[in-house]
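Line by line, the protein sequences give chains A and B. Numbering-wise (this note's numbering), the first sequence opens with residue 1 and increments by one. Numbering-wise (this note's numbering), the second sequence opens with residue 1 and increments by one.
In case anyone wonders, no lab produced these hints; they're calculated from the structure. Treat the hints loosely; a few may be bogus.
[As the list claims (entries may be wrong)] Computed beta-carbon distance windows for the label pairs:
(1) T52(A) <-> G58(B): 38 to 44 angstroms
(2) A14(B) <-> S70(A): 40 to 46 angstroms
(3) A56(B) <-> T52(A): 36 to 42 angstroms
(4) S27(B) <-> P113(A): 36 to 42 angstroms
[Said to hold, decoys possible] Quick look at which bits of chain B chain A covers, simulated, 3 or more residues with Cβ under 8 angstroms:
(5) 11 to 19
(6) 40 to 50
Model, not experiment: these values are computed from the prediction. Glycine residues also receive a C-beta, built at the ideal position from the N, C-alpha and C atoms.
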Amino acid sequence: AQSVTQLGSHVSVSEGALVLLRCNYSSSVPPYLFWYVQYPNQGLQLLLKYTTGATLVKGINGFEAEFKKSETSFHLTKPSAHMSDAAEYFCAVIRHTGNQFYFGTGTSLTVIP
Amino acid sequence: DSGVTQTPKHLITATGQRVTLRCSPRSGDLSVYWYQQSLDQGLQFLIQYYNGEERAKGNILERFSAQQFPDLHSELNLSSLELGDSALYFCASSPGTGSYEQYFGPGTRLTVT
């Protein structure tokens, strides 16, 4: 069975500081991996995805994530936080052969001026 | 704008009632997914349709049902509503074949009083 763990339901960073949001998955076969962002009162927006190929994936708004099979992780990073990055971030996985997304519980990012 | 539309945006109804939520997928997408998002349960997958046929089922209650029509729009029917059904309901779509990312609509906020 698939599962996704996001460590830290709330993360606060100062504006300009590094953003690191953690995601670990459990699967016997590496799944496809996604990060979504949800701004208040809006739907989820795809930030980036990993399916195959290069393990360092770049997404929108300066975010990137690295797939590390040995650590079963797909942590999301951004070198310098902006106020506009304040939102809820969700990690999700899907099996190669399946269609069902499994979402993490989300991490709320606060950016302190 | 993801290209996925959902109506209505807000819905307030009483316990015991029945409501229908509507979703139009992105042009060309064959798969439609329904999710429920609440504070206590997080983001829960309900059901998926692909080109008119049910493809996967998640944590969907028996009081809930869905269908996808020939024009690919989908409806989620919620009946015998309870206070605990109050949540945000999201629809997402994807091309369905070889492409796994899902594009989310803005959601319908259901309030059961």
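Okay, the hints, checked on the actual structure:
One distance hint, 38 to 44 angstroms for the beta-carbon pair T52(A) and G58(B), is violated here, with the actual separation near 26 angstroms. The given range of 40 to 46 angstroms is broken by A14(B) and S70(A), whose C-beta atoms sit roughly 53 angstroms from each other. For A56(B) paired with T52(A), a C-beta distance near 22 angstroms fails the hint of 36 to 42 angstroms. Remark: the range hint 36 to 42 angstroms for S27(B) to P113(A) is upheld by a beta-carbon distance near 41 angstroms.
Counting residues of the region 11 to 19 of chain B whose beta carbon lies closer than 8 angstroms to any beta carbon of chain A gives 0, which falls below the threshold of three, so the coverage claim is violated. Under a criterion of three residues with beta carbons nearer than 8 angstroms to beta carbons of chain A, the stated coverage of the region 40 to 50 of chain B is upheld, 5 such residues being counted.
When the structure is compared with the earlier hints, violations turn up for hints 1, 2, 3, 5 and for no others.
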